[in-house]
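2 protein chains.
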Amino acid sequence: MTNDTVYSELLDRFVAIVGERNALREPADIAPYLVENRGLYHGTSPLVLKPATTAEVSAILKLASETGTAIVPQSGNTGLVGGQTPREGHQDIVISLQRLNRIRDVDPVANVMVVDGGCILADVHKAAAEVNRLFPLSLGSEGSCRIGGNLSTNAGGTAVLAYGNMRHLCLGLEVVLPTGEIWDGLRRLKKDNTGYDLRDLFIGAEGTLGIITGAVLKLFPQPLGHQVAFAGLKSVEDALALFEKASSLCGTALTGFELMPRIGVEFTVRHIEGVRDPLSNPYPWYALIDISTSDSAETAARMMETLLEQGFEAGLVEDAVIAASEAQRAALWHMRESMSDAQKPEGGSIKHDVSVPISSIPRFMAEAEQAVMAAMPGARICAFGHLGDGNIHYNISQPVGADKAAFIARWREMNHIVHGLVLAHGGSISAEHGIGQLKRDELATIRPSIEMELMRRIKNAFDPAGIMNPDKVLGAR
Amino acid sequence: MTNDTVYSELLDRFVAIVGERNALREPADIAPYLVENRGLYHGTSPLVLKPATTAEVSAILKLASETGTAIVPQSGNTGLVGGQTPREGHQDIVISLQRLNRIRDVDPVANVMVVDGGCILADVHKAAAEVNRLFPLSLGSEGSCRIGGNLSTNAGGTAVLAYGNMRHLCLGLEVVLPTGEIWDGLRRLKKDNTGYDLRDLFIGAEGTLGIITGAVLKLFPQPLGHQVAFAGLKSVEDALALFEKASSLCGTALTGFELMPRIGVEFTVRHIEGVRDPLSNPYPWYALIDISTSDSAETAARMMETLLEQGFEAGLVEDAVIAASEAQRAALWHMRESMSDAQKPEGGSIKHDVSVPISSIPRFMAEAEQAVMAAMPGARICAFGHLGDGNIHYNISQPVGADKAAFIARWREMNHIVHGLVLAHGGSISAEHGIGQLKRDELATIRPSIEMELMRRIKNAFDPAGIMNPDKVLGAR
Chain A
1 MTNDTVYSEL
11 LDRFVAIVGE
21 RNALREPADI
31 APYLVENRGL
41 YHGTSPLVLK
51 PATTAEVSAI
61 LKLASETGTA
71 IVPQSGNTGL
81 VGGQTPREGH
91 QDIVISLQRL
101 NRIRDVDPVA
111 NVMVVDGGCI
121 LADVHKAAAE
131 VNRLFPLSLG
141 SEGSCRIGGN
151 LSTNAGGTAV
161 LAYGNMRHLC
171 LGLEVVLPTG
181 EIWDGLRRLK
191 KDNTGYDLRD
201 LFIGAEGTLG
211 IITGAVLKLF
221 PQPLGHQVAF
231 AGLKSVEDAL
241 ALFEKASSLC
251 GTALTGFELM
261 PRIGVEFTVR
271 HIEGVRDPLS
281 NPYPWYALID
291 ISTSDSAETA
301 ARMMETLLEQ
311 GFEAGLVEDA
321 VIAASEAQRA
331 ALWHMRESMS
341 DAQKPEGGSI
351 KHDVSVPISS
361 IPRFMAEAEQ
371 AVMAAMPGAR
381 ICAFGHLGDG
391 NIHYNISQPV
401 GADKAAFIAR
411 WREMNHIVHG
421 LVLAHGGSIS
431 AEHGIGQLKR
441 DELATIRPSI
451 EMELMRRIKN
461 AFDPAGIMNP
471 DKVLGAR
Chain B
1 MTNDTVYSEL
11 LDRFVAIVGE
21 RNALREPADI
31 APYLVENRGL
41 YHGTSPLVLK
51 PATTAEVSAI
61 LKLASETGTA
71 IVPQSGNTGL
81 VGGQTPREGH
91 QDIVISLQRL
101 NRIRDVDPVA
111 NVMVVDGGCI
121 LADVHKAAAE
131 VNRLFPLSLG
141 SEGSCRIGGN
151 LSTNAGGTAV
161 LAYGNMRHLC
171 LGLEVVLPTG
181 EIWDGLRRLK
191 KDNTGYDLRD
201 LFIGAEGTLG
211 IITGAVLKLF
221 PQPLGHQVAF
231 AGLKSVEDAL
241 ALFEKASSLC
251 GTALTGFELM
261 PRIGVEFTVR
271 HIEGVRDPLS
281 NPYPWYALID
291 ISTSDSAETA
301 ARMMETLLEQ
311 GFEAGLVEDA
321 VIAASEAQRA
331 ALWHMRESMS
341 DAQKPEGGSI
351 KHDVSVPISS
361 IPRFMAEAEQ
371 AVMAAMPGAR
381 ICAFGHLGDG
391 NIHYNISQPV
401 GADKAAFIAR
411 WREMNHIVHG
421 LVLAHGGSIS
431 AEHGIGQLKR
441 DELATIRPSI
451 EMELMRRIKN
461 AFDPAGIMNP
471 DKVLGAR
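Line by line, the protein sequences give chains A and B. Quick note: the first sequence uses UniProt numbering, first residue 1, plus one each step. Quick note: the second sequence uses UniProt numbering, first residue 1, plus one each step.
Bear in mind the hints are in silico, worked out from the structure with no lab data behind them. Among these hints, one or two may not hold up.
Since the list gives no way to pick out one identical chain from another, each pair is judged satisfied if it fits inside one copy or across any two copies.
As the list claims (entries may be wrong) - BS3-like, lysine-lysine: derived pairs with alpha carbons at most 25 Å apart:
(1) Lys234 - Lys126
(2) Lys245 - Lys218
(3) Lys404 - Lys344
(4) Lys245 - Lys126
Please read these numbers as outputs of a predicted model, since none were measured by experiment.
Build out the structure end to end from the sequences listed, making use of the hints.
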């Protein structure tokens, strides 16, 4: 037999596990699985498998470990760092979770839901709402991202302030290990101190330690009161001071506090259908404030009014509007959630997903603006994000009329400038998107060697054959 | 040189790291470090070291790894499973964290505090209160337990409902690895998705993967409103229904919901100075309800009144009293927190620290009562705890007049009965106290072998010389 024949027979063995109709071999069929949204990564793969059960995933990984075949798990393919994209020039087999999409159980008394790893986030929202509960993870991509990917990237989004990241919304996991063994950690317990925290090790591991095939998610009561306001502000300092007031006043009823710059509002008004500036005059900065209360609608209304009153009195708020209906609330959030898309028609955009301790945000923003503008006069900084979490999407749109390719070619240079300041403030170069391929090499340079060494030891302990999503998060030595 | 001389010289090398005055060699001095509160474990040790800096801890562990010397880290020595006690018949060296007790930094704007691993929890509370902030971990032992131990056991306590376990109250760690290397993970970030979650691996590892010498803790606004009520109830079912109402109404303003049985109240009234029954008639069960609000004192008062009104109307609450002063609130909590101590004068007590999904609590309690009473007629079940977390301290006091030693000899038999039911409900045999020595062998029998195997691989990856708190959590193979 030739090598080609041997290889082709190996692929057949993988296909036999899921059945021919659930395997893609044609380049045209495979193509959508080889790219990600931003177009930064394009990989190669001979085969996409779509298992429908945990047992099928297990059989695939067992065969992969035995034959040393590299595997890339792919959930909703909405990741932003190339973690779900097969490597270029390799033969990684893609395992798509899209058929692993059952809601297994919903228990509104215990406030838990058990789901397959391939459930779409929006479907989880719906299933929770049907029993009058809330699953709070909220992302721009919620119509297509899937729970396994949300867990593997420890997804954040706009509700982290009150409810935490995906890590905090999960009680238990079912994971297929690289060897094909199944770890049943589907516990529904809020308190369980019995040995090492394996759950949190798989969460955020970006599919390099195993494939998450099932999860126990936490549910919450649906809030009775919901208020959204949009406030024009003079400065980032004022935004931080207003956030502190909001945080003290509302506690965990403060479910969102998003910072937006004038240019971001202009971009959305210009390019996103239906978006208009809610205030009559322009302001350098804006805050979108979201309050949800459990006891009554009146509490939310009173809190928002009190907060804005205190903000006006303290000279922190220049102008503000409170949404008067669910449609108006949705419109304000739509503006914020379109802010990334609205940058596309403006040309190239160099992105950063960073966090710093929130007391450092004003200084970081000032320093970064100075450094970026010095390096690239005319750059248009559209830095927005989750102020209350210290998480800024520090995006830089190209100067008007600049050459897009030449601008994008300066990605690493601009990263270096922004990340240098982030690190000087004790911040993170990836607040919520993860490492994937995009930040893999940089991670190794900024972390102490003992930390990289511990991560490698864990990787080797879990995946001795090195087949699980290779070269993501950790590079070859 | 004789072996004795070699060994004595080795001990001298350890002593030299901290200085003679910070080392204990005399049996009388060492004795308090060899026992734990319940008297279940008594170990042996030739030496107690009291390092005052991370560098000293590092030097000790480096020498220990090089010479294969077993080390037991000891924090406040308040653990309940023998995790902090040296092994019997071995020569484990105890490292006490008590001199590692500096508050390193307090930042009320970023809402973080950085502390040494040996800080006493009550001192952390005080330092937070001085800047008008709350550090919410609340335990009976807070006057003597220390942060390193709280983290290593992922401590729970009475405020978990609203604020989470110790795991949820920590942003970053400094850990000395068994090799003596120092991992500086003292990050102050709420969002940081950069690689595997090492932090959560050390938290709850009970000192078997390294020694936690520093931590970044989360602070919260001090609540403005605080209400505590004590309600007499007919049944555990009614307690659960009342909890659901409270949870929906108050959201995260519900900061405590503790279940207590009549016998527990009788024990505390009988044995704890100053405790009296707040209600004029006896009821089979009681709930202690704690509400804290951030916006105003009125909100807490209104919530508590609304909750009790709804409880009366629904027939869930038989009688109730709302504490009218801070002193009355403290008195109600004192009753709850004395419930463990109040069992001591009643003779032997066989303890369980279990959790089940909260929807299963009524059935679990009924089944456990039936099984325990069938096995041991006259047993006095004092099952109390954190209903809202599904966490019950299922304690069994000996029958009146029984022989204490004969009763305690049935510890494992009673464990077997109670834990069997816990596992049947998908519960945990250690909700908050951990594994230590007490539950080590049982853990290995109830967990899938792949889970124990992964834990062992992690242990070997972090502690190749096997010197860190050996035979705790994981036994010798």
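Structure-based check of each hint:
no.: 1; hint: Lys234 - Lys126; result: neither (39 Å within a copy, 36 Å between copies)
no.: 2; hint: Lys245 - Lys218; result: between (29 Å within a copy, 18 Å between copies)
no.: 3; hint: Lys404 - Lys344; result: within (11 Å within a copy, 76 Å between copies)
no.: 4; hint: Lys245 - Lys126; result: between (33 Å within a copy, 23 Å between copies)
Of the numbered hints stated above, the single one contradicted by the structure is hint 1.
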